[in-house]
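Undergrad: Protein sequence lines, in the order shown, are assigned to chains A, B, C, D, E and F. Here this note's numbering is used: the first residue of the first sequence is 1, the next is one more, and so on. Here this note's numbering is used: the first residue of the second sequence is 1001, the next is one more, and so on. Here this note's numbering is used: the first residue of the third sequence is 2001, the next is one more, and so on. Here this note's numbering is used: the first residue of the fourth sequence is 3001, the next is one more, and so on. Here this note's numbering is used: the first residue of the fifth sequence is 4001, the next is one more, and so on. Here this note's numbering is used: the first residue of the sixth sequence is 5001, the next is one more, and so on.
What the hints contain is simulated information worked out from the structure, not anything from laboratory work. Take these hints with a grain of salt, some might be off.
Stated by the list, open to error - Just some of the chain F residues that point at chain B, by a computed CB distance under 8 Å:
1) ASN5030
2) THR5077
3) PRO5083
4) TRP5148
5) ALA5150
6) GLU5156
7) ASN5160
Idealized CB from N, CA, C, for every residue including glycine.
For reference, the chains in residue letters:
There are 6 protein chains.
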Amino acid sequence: MKKILVIAPHPDDEILGCGGTMIKNIKEGNEVYVCIVTKGYPPLFNAERTELNRKDTMACHKAIGVKETFYLDFPSTQLETVPRFEFNGKILDVVRRLTPDEVYIPHWGDMQKDHQIVAEACMVAVRPKYMPQVKRVYGYETMSETAWNAPNIQNEFIPNVFVDISDTLEEKKMALSYFKLQVSDFPDARSLEAIEALAKYRGALMNLMAAEAFMLIREIR
Amino acid sequence: MKKILVIAPHPDDEILGCGGTMIKNIKEGNEVYVCIVTKGYPPLFNAERTELNRKDTMACHKAIGVKETFYLDFPSTQLETVPRFEFNGKILDVVRRLTPDEVYIPHWGDMQKDHQIVAEACMVAVRPKYMPQVKRVYGYETMSETAWNAPNIQNEFIPNVFVDISDTLEEKKMALSYFKLQVSDFPDARSLEAIEALAKYRGALMNLMAAEAFMLIREIR
Amino acid sequence: MKKILVIAPHPDDEILGCGGTMIKNIKEGNEVYVCIVTKGYPPLFNAERTELNRKDTMACHKAIGVKETFYLDFPSTQLETVPRFEFNGKILDVVRRLTPDEVYIPHWGDMQKDHQIVAEACMVAVRPKYMPQVKRVYGYETMSETAWNAPNIQNEFIPNVFVDISDTLEEKKMALSYFKLQVSDFPDARSLEAIEALAKYRGALMNLMAAEAFMLIREIR
Amino acid sequence: MKKILVIAPHPDDEILGCGGTMIKNIKEGNEVYVCIVTKGYPPLFNAERTELNRKDTMACHKAIGVKETFYLDFPSTQLETVPRFEFNGKILDVVRRLTPDEVYIPHWGDMQKDHQIVAEACMVAVRPKYMPQVKRVYGYETMSETAWNAPNIQNEFIPNVFVDISDTLEEKKMALSYFKLQVSDFPDARSLEAIEALAKYRGALMNLMAAEAFMLIREIR
Amino acid sequence: MKKILVIAPHPDDEILGCGGTMIKNIKEGNEVYVCIVTKGYPPLFNAERTELNRKDTMACHKAIGVKETFYLDFPSTQLETVPRFEFNGKILDVVRRLTPDEVYIPHWGDMQKDHQIVAEACMVAVRPKYMPQVKRVYGYETMSETAWNAPNIQNEFIPNVFVDISDTLEEKKMALSYFKLQVSDFPDARSLEAIEALAKYRGALMNLMAAEAFMLIREIR
Amino acid sequence: MKKILVIAPHPDDEILGCGGTMIKNIKEGNEVYVCIVTKGYPPLFNAERTELNRKDTMACHKAIGVKETFYLDFPSTQLETVPRFEFNGKILDVVRRLTPDEVYIPHWGDMQKDHQIVAEACMVAVRPKYMPQVKRVYGYETMSETAWNAPNIQNEFIPNVFVDISDTLEEKKMALSYFKLQVSDFPDARSLEAIEALAKYRGALMNLMAAEAFMLIREIR
């Protein structure tokens, strides 16, 4: 039995990036935890929509069998205003409390600055000096943010891990459809059809019907 | 009216990488030329299949309206045995005779060594010292070869040009289906379904129904 | 007729990076707009000099025929103190109001942090989800800032677009000379002679008498 | 039980790069195979030394419990003279016959050209279209070759997998000492003391007493 | 006689990264200066420990013969809260007052954000427009921080300068042992044994008994 | 007194890339040696022109005071046909015979394949295991070849060493003018005016009247 932690800057990132892998692991008997880092606050965000979004997240996680979800409630799109030690500390707390075997974090090269700040804090939280060590750390891709940055090699998502999600792609799409406020129609990057195209593209690269792709950041074994 | 040249190491690379863009340009009244660099020779390749493949290529190009196809007939999978000045010279001849406005070449980072050698020779052929200058040079991606190399930044296909092929994706798939010997069933990387997934994935990144992606290598204007 | 927007962190960056291209486009009948992002405020900057600099900018833009200049008046060298959503929002406003065909932004790897912050905000403002889409986004080089960073591959300005400014180099130099407070004597990087050397160097690379070089960040067509 | 294949351009590369990991796996009950790609031929190499080297290799592999060693006997330092299809074919044969779970290959950026050619052929041999698929492919570092190339990012060995060899470092050193012709005194890069320093350095990075570091090239799961 | 300045985000970074080179230069009659950028403040840091740490630093520097040490006393782990112009200004002051021939700065890719911010400010301070120019700027590695970031090519420490510290490694270890609060037991990355392994590893790469490695950022001569 | 060796694939590369630095060193009393690697052979090259070119080279080197020039006479544009051990061996011979302090080699990313092959052989010849060690190895840029490759980060010439050639630029241009067959009119990349623009551009970056730029590949000290 493995303990897996997925850290998502905003709700739905965890499903966009790792939904198929999460469901696959849950089916195999592993424990999957999610940490949602931010929350929208007025006046930048509508309180009602934020509330609805939280409910959608909870319903989604319950439906697929997430063991527990941690909500850190930092202010969305304003993460750089939070003191670094406080921000890093809270993410470290989650990691140290759970002592997960595997951690999935957003790609450091995503355009959305929240993603970058979360990725940095995650790297601090998985430093190999903390015992027990996190054995594997992966970066996941988030359709839209991951591709909209300036196309240079620092940003680029260059995957080397491919997880076969042939058997869970349909459930991933269903999980994503819980997020009524974020999911749009194709060709929007956050549409069910776009997610399916990505899964089939990543799959075909590796001769699989559907896949999620990751960058291995570190493995200790 | 633009003159466009697509250089393909092996027949079908031009359709895999640029088929939608080729058809789109032809419909818009531009002239599209193709240069097929290699041919399979016995005993490495079956002569009958090579012959059939040539016929498929000709039928495909006729169907979509390629203005002229140049067959250089260098030995497939053995390009490194051809003297460099002879090889580069032949590709240069095609470029200088046509004086195209735009040239599409395979991605330098493809795993197949023929692709790398062709890409290098193309760069020699489009050197800006030759007048009239080629105004735009693009690298295209070839499903399978482009993704099977070791995932490092030198190899990586990092596109910055997206061509809307919403209106020509179906014709691209039809064009590809002429290559009976190369096209397989999904999830093979050279299947119609994989090509469609790629087009939708590249499209969704840019809010388009379908797209082909390229790396701009050089533009002079 | 094309609409072109040049976004400059500080006045004179637009001329240093794109002056020849701006003038060339204006002569060809295209509309060129400029957005000056910052302004110097006391006590860090002398108010009189700031005022004079504004006048120089206006005179320069008028002389070369800029259609309209937007002054956002954010505090120079203190951009990180402005709330991100406010900063990004203002730049987005300009882009959405103009709906330009082409946008020129500072190079993300410039050493000056204002340049980096502006480049990031520009990438947010040109996200392909906004309709109508910006068709082309380019990064420009700013002599001095672009070369003074640590010489690693993330910072490096690696151009792939070369615009022939043989016919507008003299006017570019004249335009630059309006900025009396910034222009110095050679070998200062912001001297007329340095700008000419750069133009001739970029030109000679492509067999042109003079050129401005850019990195294509994205083209959708 | 896992099947592991280590591909070494020259005998001793497998121990330098993966010795501790090989021994660890053998102790855990996994099967470890080695493929030695080249052999020295007169007049470039002394026949007697080559013979002795072969005996050392066999003795070493027997001592640590390698299941089987494949000797391809291609000419050392002349690999580029072997026809590509023949060379790639022989390495593919080994991979397809064994159907290993994990393959360790030399780092593509090593300075020694034999290493580069072997790395390329290995990537062809592990293409995901061959069933059953190789689940994991790793690049290993070879003290000396890996660090003597021009220090650019393409060459650089940037590890993301760290294997704890605290319990097998001593046996790795013993295994290496079988190669009497290659091992020298410190500070030679191929000395026992250098290998120990590398293991402790890689270990300390990850809070381990000793480690071998690898670059994950691909994982399919 | 050369004047050398080492800029350290936190006390002990200067010894970890450049200790052997500092001592070697002092022995050769050169003047070595250190600038310690931060200090720990309550409540994040214990005042007593901070005080003790300062004393250790002073004792260490005195023991090895540092000419003068500058303490800027900016708040450790909170550097992003200091106004940029103030922060950059203070580091610039030190550089301009000393007019050193060589400056050693932390690696821009270190994970610790203080290191990144210091590296950026240093690059501003050594801009070639300030006369007399700093002739050489080097980045140094800090065991732990330098290796714990996500392993991508932007972060990677890729050295091209190797200083033979065979004769000063022992003194470097002694110097490091002054920092009682930071030095731990192996395999901690900040242990004497880890530092020795690093020195022997870097040395063996270049056929030296022990070496410190640097990235040359800029040389003007 | 330093011994400096410049390795040039074809005659004139040494002047294009290092001419000002060579002359500066000679004036300072250092010994400068040149190794010309290739020669044009019929039928690819005209014998008379080759002869004339050799005379031009000798006259140029004599004029500026090159201590000795080594002509290896390998076949130009056909270097890949020479056995690797023979080719590497000849370059190694020159290096070991001279035991230079500094070696200047062509940039590994140049488009011309001869340049790449020479650069690789040079790296083999300066391996740190040979005593006495070469203390410094630099890559130089060759106007035209260095910029005509596909603009990716592997190829890119990213200089970190700037040599002030304010006092020798005129002599560099004179030295270059000896090569009557290669030098053309501006805007040809191999014209005196282009070389001057490059020198002033590289100079202005560093606040110098004129400079040659290099990439430090390795320094041992």
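Undergrad: Restraint: THR5077 (chain F) near chain B, CB-CB cut 8 Å. Satisfied or not?
TA: Check passed: Cβ of THR5077 (chain F) comes within 5 Å of chain B, closer than 8 Å.
Undergrad: Regarding the hint that GLU5156 (chain F) lies at the interface with chain B, is the smallest CB-CB distance below 8 Å?
TA: Violated - the Cβ of GLU5156 (chain F) stays beyond 8 Å from chain B, reaching only about 11 Å at its closest.
Undergrad: For the restraint on ALA5150 (chain F), tell me whether the closest CB of chain B is nearer than 8 Å.
TA: holds, 5 Å
Undergrad: Once the shortest beta carbon distance from ASN5160 (chain F) to chain B is found, is it less than 8 Å?
TA: Interface hint status for ASN5160 (chain F): violated (20 Å vs cutoff 8 Å).
Undergrad: May I ask you to test the interface hint for ASN5030 (chain F) with respect to chain B, counting a Cβ-Cβ separation under 8 Å as satisfied?
TA: For ASN5030 (chain F), the interface hint is violated, since the closest Cβ of chain B sits about 35 Å away, which is over 8 Å.
Undergrad: Are TRP5148 (chain F) and chain B close enough, Cβ to Cβ, to be under 8 Å, as the hint says?
TA: Since the shortest Cβ distance to chain B is 5 Å, the answer is holds.
Undergrad: Can you verify the interface hint for PRO5083 (chain F): is its Cβ closer than 8 Å to any Cβ in chain B?
TA: Since chain B brings no Cβ nearer than about 15 Å to PRO5083 (chain F), farther than 8 Å, the hint is violated.
Hint compliance for this structure: hints 1, 3, 6, 7 are not met, and every other hint is.
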